[in-house]
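Asker: Below are the chains, spelled out letter by letter.
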Amino acid sequence: MQTVYYIVLVPMVYVAFAVFFLGTAIRIVKILREPKNPSTLQIFPEKQPNWLYALSDTFFFPTVRRHKPVLWVFLMTFHVALLFLIIGHVELFQEFKIFQIIPHEVFLGKGFVGLILAITLLFFLFRRFKSPTKELSVPEDYFLLILLFLIVIFGSQMDWARRWYEYGELTVEDYQVYLNSLLYLKPELPYNVTFTGHSFMLVLHVFFANLFLMFFPFSQLMHSFLALPMNKLRRG
Amino acid sequence: MSEDIKVDKVLDLKGLPCPMPVVKVSKGIKDVEVGQVIEAHSTDPGSLTDFPAWARTSGNEILKTEQDGEVIKFYIKRNA
Amino acid sequence: MDNKMRDELLNLFRSKINRAMRYYLETCTRCGVCTEACHVYNSMGQTKYIAAYRHEIVRRLYKKYFKARGKIWPGFGEAKGLSDMTLEELFDAAYSCTGCRRCMVFCPFGIDTQMLMSIAKLMLIGANAEPEILTMLADTSIEKGKSLELFKESFLTGIKNLESEVVEKWKIEAGETAIPVDVEDADLLYVALAGAHSIIPAAVVFNAAREKWTLSFFEAVNFGAFVGDPTRTKLIMDRIIAEAKRLKVKEVCICECGTAYRVMKQLSGKQPFKVSSITEVQAGYIREGRIKLDKTKFTDTITYHDPCQIARNGGVIDEPRYILDNLTDNFRDLTPEPKYNWCCGGGGGLVALGDETLDFRMKSARVKVDQVKATEAKILATACENCHTQLSNLNDHYKMDVAVRFLSSMVADALLPQ
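Protein chains in written order, with our numbering: chain A, 951 to 1186; chain B, 8 to 87; chain C, 59 to 476.
No lab work stands behind these hints, which were simulated from the structure alone.
C-beta atoms are modelled at their ideal positions from N, C-alpha and C, and glycine is treated no differently.
Be careful, since some hints might not be right.
To be clear about the criterion: a stretch of chain C counts as covered by chain A if any three or more of its residues have a C-beta under 8 Å from a C-beta of chain A, and this derived list gives those stretches [said to hold, decoys possible]:
#: 1; region: 85-94
#: 2; region: 103-115
#: 3; region: 162-176
With a straight-line Cα cutoff of 25 Å, these simulated BS3-like cross-link-like pairs (lysine-lysine) come out [unchecked claim]:
#: 4; chain 1: C; residue 1: Lys328; chain 2: A; residue 2: Lys986
#: 5; chain 1: A; residue 1: Lys1084; chain 2: C; residue 2: Lys122
#: 6; chain 1: C; residue 1: Lys229; chain 2: C; residue 2: Lys350
#: 7; chain 1: A; residue 1: Lys1182; chain 2: C; residue 2: Lys328
#: 8; chain 1: A; residue 1: Lys997; chain 2: C; residue 2: Lys332
Work out the full structure, taking the sequences as your base and the hints as a guide.
Answerer: What follows is the structure, encoded as structure tokens:
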């Protein structure tokens, strides 16, 4: 069992990050090397400055707010929570002063960020079972949502255990030792990381996250990078 | 009707806006056999250039064009 | 379908891929925000008319042949091979889409359905499965450009026949030509449609504004664009560019034809002349005081249908409203606003296909009819030949009881002597 833990927590993480960074970079370079469209793809009337509106389109999804307000609330919540979550993970490496402007205990959000994410993911998933979104969806869409849900559930479990049930065996300091050892290419698995009652959750969390990272460059998740240039095209 | 040309089918395209006359003529000509002739009546001045250009690209032949007041009459032989 | 054919079609697909197309092919999350965007879906309710569904027909082929994923795990994204059945689906998707780009306004990423459908259209041409009428019309246009000398005489005869009608509406001074053709160093080259309705009112207004203009030998409409053939589109456009350069005009003015305007405005590249629509030109005359309009000429309530290729996709939105403000005190705009205006249902070559598409055009544009009816206007003005034909058909079919008018002809009718 410890071998499986090791494979998931060390080599697979490296592979996943390599695939993610290289894959994404190669794909973006490939797309950018294609010739530009010969004509404008703008929609009128235009609003100046168009780059500012393109940014707003990208980060606030005004068209979704107008046409599907309920979906917009969930989408916005999801993406903001995702941002919190990324900050939370960065803080699992070390403390950053800039994130502590609003003093908080790591992990950010007292456990609610994960809960909110899980709920929004269920919403996204279930709306795909309803027509006409159902007819539009392909297996990839369900797969990615389920994968994300699993990552969030197992990840949050660890957070919830510490925050809500005073579970103290696997601490932030343990994660920091583990993650920093990965970062500095001297992989080290502290005893607490692999031998406590919640270790299997960590392993599952990391396993699904690895899968997610490896799918990222080859799936519709690329929208995270392409949304801005696309909206810029529309804004002219 | 022109005396020296035997017409097998008459197409009334009067009042149709461009590009309908040439659309209808390209369909209508399929109703006659190769070698037969259709007579098309159009009021659209664009037909004056559309018909000859269409005939050249489709391999058909305009035997004669007549102006009769507002109406333009084309005699077209199906060659293809 | 044999392998050779498949390879040829996939090469055509490849030829359409550029940076923007990659964005559009890679990004869709199938969120369904575009569901209510399409007039066809809203009028007919079938899922296959949702923009994202149309995209997927093309995207499945992309996933299959242009991504490694399609080989390793095709089921993941429902990647699908190219077969005769796919061609039918491509036809269905591409020729039920008018290219109005209303869905592009809805999409959180701004995916351009018209662009994606252009892949489908090009592949259909490769498979000889496109509507042959459109190709025939495109070829006819190109032929006219190639053998101009052959058709010049009959063209000039046709134009001469129209001159008396122009003079009847606006007197010109002795020695002037009512419809000048082939005038070198004219300021403006007017590219009309072959029909009298597109030439006479425009000529009247040009003469009234004392414009130094000349009429093009060629008709503006670009059937190559309708059928989605880049080569033919360019050939048809280039005839006009060459003429404009030969005559050394400063401005090329496109008649009321949406596709013609957008193609010339956005695809012609950097040229020594500027491209305008007749609506912009006429609005300019009013602004500069070169023509004055009689506000008592039209007493009924007027509404205006923005042609998609001219307004949402071309940016001419304020000018028609400026003209209407000078034409009537009874203008009532459509709701929702121009960016969200419903397509008339006739674009993308559907109107040019005539009776063949009539039934579909009537069923798919029900929302347009409701939108116009809500204004209770008696005159429905527009500035595009396709829209005009389609709106007239809708008017008959749904007994809308409106008069469908070209905006430019209303301007000509309301001219005040100066």
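Asker: Below or equal to 25 Å on CA atoms is what counts here, so check Lys997 (chain A) against Lys332 (chain C).
Answerer: Holds - the C-alpha atoms of Lys332 (chain C) and Lys997 (chain A) are around 22 Å apart, at most 25 Å.
Asker: How does the region 103-115 of chain C fare against chain A when you require at least three residues with a CB closer than 8 Å, holds or violated?
Answerer: With 5 residues in contact (Cβ-Cβ under 8 Å with chain A), the coverage given for the region 103-115 of chain C holds.
Asker: Per the coverage rule (Cβ-Cβ under 8 Å, at least three residues), is the region 85-94 of chain C covered by chain A?
Answerer: holds (count 9)
Asker: With a cut-off of 25 Å on the C-alpha distance, tell me whether Lys1182 (chain A) and Lys328 (chain C) pass.
Answerer: Given pair Lys1182 (chain A), Lys328 (chain C) holds - Cα atoms ~22 Å apart, limit 25 Å.
Asker: Are 3 or more residues of the region 162-176 of chain C near chain A, judged by a Cβ distance of less than 8 Å?
Answerer: Coverage by chain A holds here, the residue count being 10 at a Cβ distance below 8 Å.
Asker: Taken at face value, is the distance from the CA of Lys986 (chain A) to the CA of Lys328 (chain C) at most 25 Å?
Answerer: holds, 16 Å
Asker: Could you grab the alpha-carbon distance between Lys1084 (chain A) and Lys122 (chain C) and see if it respects the 25 Å cut-off?
Answerer: The given pair, whose Cα atoms are some 21 Å apart, holds under the 25 Å limit.
Asker: Quickly compare the C-alpha distance for Lys229 (chain C) and Lys350 (chain C) to 25 Å and report which way the hint goes.
Answerer: holds, 15 Å
Hint violations for this structure: none, all hints satisfied.
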